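Asks: Based on the sequences and whatever the hints tell you, model everything.
Below, each chain spelled out in residue letters.
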Amino acid sequence: MSGQAFCQNASSDFSFNRIHPGTLLDLSPISDCKRLWKLNHGAMKLLLQEIRRNPLLWLLVFVPIALAAEKLNHEAHTLHFVLSVLAILPLAVLLSHATESVAAKTGDSLGGLLNATLGNLTELVIAIAALQAGQYTLVKASVAGAIVTNSLFMLGASFLLGGLRYHVQEFNRVAARFQAGLLFLATIALLIPSAVSARDSLGAGGSTKTLSVALSFLLLLAYGLGLWFSLNTHRELFAGTAEEHEAAWPIGLALATLAAVTVFVALVSEVFVGSVQYTATAFGMSPAFVGFIVVALVGAAAEMAAAFSAARKNRLDLSVSIALGSAAQIALFVAPVLVLLSYLIGPAPMDLNFWPGAVAMILFATLTASLVTTSGRSAWFVGVLAILVYLIFATALYLLPPQNT
Amino acid sequence: MSGQAFCQNASSDFSFNRIHPGTLLDLSPISDCKRLWKLNHGAMKLLLQEIRRNPLLWLLVFVPIALAAEKLNHEAHTLHFVLSVLAILPLAVLLSHATESVAAKTGDSLGGLLNATLGNLTELVIAIAALQAGQYTLVKASVAGAIVTNSLFMLGASFLLGGLRYHVQEFNRVAARFQAGLLFLATIALLIPSAVSARDSLGAGGSTKTLSVALSFLLLLAYGLGLWFSLNTHRELFAGTAEEHEAAWPIGLALATLAAVTVFVALVSEVFVGSVQYTATAFGMSPAFVGFIVVALVGAAAEMAAAFSAARKNRLDLSVSIALGSAAQIALFVAPVLVLLSYLIGPAPMDLNFWPGAVAMILFATLTASLVTTSGRSAWFVGVLAILVYLIFATALYLLPPQNT
Amino acid sequence: MSGQAFCQNASSDFSFNRIHPGTLLDLSPISDCKRLWKLNHGAMKLLLQEIRRNPLLWLLVFVPIALAAEKLNHEAHTLHFVLSVLAILPLAVLLSHATESVAAKTGDSLGGLLNATLGNLTELVIAIAALQAGQYTLVKASVAGAIVTNSLFMLGASFLLGGLRYHVQEFNRVAARFQAGLLFLATIALLIPSAVSARDSLGAGGSTKTLSVALSFLLLLAYGLGLWFSLNTHRELFAGTAEEHEAAWPIGLALATLAAVTVFVALVSEVFVGSVQYTATAFGMSPAFVGFIVVALVGAAAEMAAAFSAARKNRLDLSVSIALGSAAQIALFVAPVLVLLSYLIGPAPMDLNFWPGAVAMILFATLTASLVTTSGRSAWFVGVLAILVYLIFATALYLLPPQNT
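Protein chains in written order, with numbering that gives the first Met the number 0: chain H, 0 to 404; chain U, 0 to 404; chain W, 0 to 404.
Some hints here could point you the wrong way.
Claimed, not checked - If you want the footprint, here are the derived chain H segments under chain W, 3+ residues with CB under 8 Å:
| id | region |
| --- | --- |
| 1 | 354 to 362 |
| 2 | 369 to 376 |
| 3 | 384 to 391 |
Hints were generated in silico from the structure; no laboratory data involved.
This one's a predicted model, so the numbers in the text were calculated from it and none came from an experiment.
All C-beta atoms, glycine included, are put in the ideal place defined by N, C-alpha and C.
Replies: This is the structure:
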């Protein structure tokens, strides 16, 4: 017996492409059965439509496999690692789409805020799983890696992909400068503790922790004021950086997806975090390399797809905004939130002190991003430059892993 | 018996607002008594006028109190500290006004030179007092702090205050780039000794001192040539950065004030320097923090008042010029003069080697100032960014004071 | 019996100023004697013409003297040093002219490639001589010194010399930004190994070597793609940076000169390298200082002459392109080639790890070059700033030589 037959002629007049957000939660005098079916049916159809459109989502099949594999065989760490990476990728895409849909439905300012807060939810959930497991090296490496990957690789590949199709591309350099400024502030916050405390790095554990908490609040303040600036008082400066929400989901589906997928990301992240250390050792990689490069690329896959697609449509404004905005969000929102959360859920408080190589990489990624966006124009070689800086970092991390971090 | 009665009808035709500079020093056949009275009367009236206009000057009452307190009670260090800070503030304002008046009366080029040389006289006098007392940590901290405070806090607060009133403000970015370039040169001079001598920092005392003297001469040369460039060969590039001298004092009053107030600043600075160390300890602050933040804010109070007022009048050209010009002057004029003076008046020669944290802060303050002024446009959030960088530095210095400096 | 008499009326209709490249290699039915004489006669006349025009070439007389002196007296190291410096200068000028002539005759893209590859042949030959002698400190110092000298002194002196004649000069800032970007990439490659491996600098010799080789390939890739970008896909952005080849030599003469002079540079370089260490010690200079300053100035003499001459003709595009292009070429082509060559001809593999002071100087030279070229306009003081940064480096290196490098 099909659902269609069970609640008859329920969705015949239902246009899936242009659903009014109120429709699904609207308490009209249709029977509960019909509404629920309508919801499930519409949602399923939309989800399937999305999955058909986006081949990345076919990887969703690895979510149950990864969770099952971990239950069945506790020792196959490399398998767990590969399966969890394959499972996180489509979940990140879904999470990203759901967040955008919620943002699109809640109006410009609140929507911008939501996008800015939940845009890196995947990274946040993975990092929280690592935090709970006490793997602070992995947490810090994935935070530093996400900043560097977004501001060098995502930005550079956008420039390169766009540049291969268009001779010279232009973008909103005011918006780029704003994001680069936020990144620069965060870089200083990450850098100054080690610069100031060079000589008493051994004994001053307490002060370092206090300083990290204070700096976390300053970064969150900067992030909040930056949102107020870009979404409210000076939003006209950021024209051209807003994403088009072509096929925004209805709010009910979006919220449900957000909740469900976050749970799945959390579950898969536990498998991932539990297997990373062993896999890294097995492949001769350091946990720092895995966190810096692999986790960062996995976590940012959804944003990358969006940024690259925009670049190839000559909408470089949007690509730059996604890449630098995401990097700034990791640095000014995710990182301080993790420090503060570590007091609640971690086995011990986490500080903002990154190892010197990570600080240097964040600093030079920020400087590079600032240099390549300062003119507001781009060609393919600008992208090559940024990607090569990223490759230099990746090579150095692979061959010379940091010790004792 | 009033002075007016003593030398009758002397100043009836005397316009205080538009005194011709020659008038007061003019050897006209009026009796000495009359001229002296005229001078004193006019000067007093102008001074009182200034004091009435500027509430900060009411703090002048603390000058005798601070000097007396130090004589009466040698042990009340915290009281001495507070009184001397309160006394220095109005003296700095007077000194600044007197310098500008002398500059206004002596023509553009010489005036610009005087302003550029004496504009940070307060900082110089305080630093000389600390130099004579052998407190080299305080000297270096106050020099580094003045550079950072002027280029971050004064600049940032100007942008913020201006931005709260005007949506977007524009300023002369050529002038800003020039000052930032000078600052960058000074930063390199402060940074390179420690970068080059990383490994022989222990033994090479003699060479370090020689290097400091050589670098001091190079910085003074850069400063001199920079003045020649900005006041002479390319002055047209700096349009809009000149201060209006609305109520310039007559040259006699200005010179007398300059001399007298300098003496008072010197006297009060001794009280200040003598009490700083104890007060810092009593309040749990390091001498570095006090020098970096407190002395820098006190010494720059007069320039800050001028820069903030200009920003709120939408004259951001002037604000940027005061903030960055003052920072460049400290770095390229005050710092090398102190190094050279230390051979004459200090207990031992002082070098240009700052502790690593100070060098890092100067470097990032310079980079921040350079980044936020590069576009020639500003909005409130630009000011917030600069102020937050300053707060990061202040927090780090407060919580993680440098050791052995 | 004169050559003219020997092969009669051979060159009467021969215009030396406008030789068609084909002419000299053209197999026309003139007797071999005549053609050879024509070649030699034409070449000689052109060479002599060049020598008469360029007084620097009179120093060619020191080439045989330097080579002879080394054979005759093995101990007069200071004399050898001075003679070899005097001999290298004119050879560098000839090499530069020959390279340009070959480039001018081989068409734009191939010519640009040749110019870009052989433009720093002198530096490369000197460095190879030092490499073969196992003097890695000298090799690295001369590479670092060439980058810094070209991007600060050559650029600064061009700005200064041009600025003394013209009030404000403009140049192609897109080209400058491109070269500065390449330099910045190279700086990161030189800097990141030491930043990443801070803690295991002692034991990780093998990984460091592997990393150096990997980074060398990345730099060569960047250089190659940069050439493709500037000579091929986006050459229109680099308008105004091409050199005029007023008196390009015929291809035969150019190739012969290229080959012969390279041999002489190699021979004299051996004398130079063999005497540098002793001379440095005798004059109280470190090998690092000699390599950084003396070798760099000597090796870049030819480019400097061209850059300065262009600046005084208000062709600042060309000056900036020569200065920054040469610095980028050293960093992205000469340095990695030397690392790779060290596996073939050196006594031991050389890595890309420069001592911290050199890395700092390269970094700040790159930042300075980037800052002073960002606006595309220049005045004399901009040149002073760059030169003063160079003087700060030179002073620091002279007074505080690095140890154990």
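Asks: Next step is simple, just say for each hint if it's right about the structure.
Replies: Here is what the structure says about each hint:
1. 354 to 362: holds (count 4)
2. 369 to 376: Since 4 is at least three, the answer is holds.
3. 384 to 391: holds (count 5)
The structure fails none of the hints (numbered hints given earlier).
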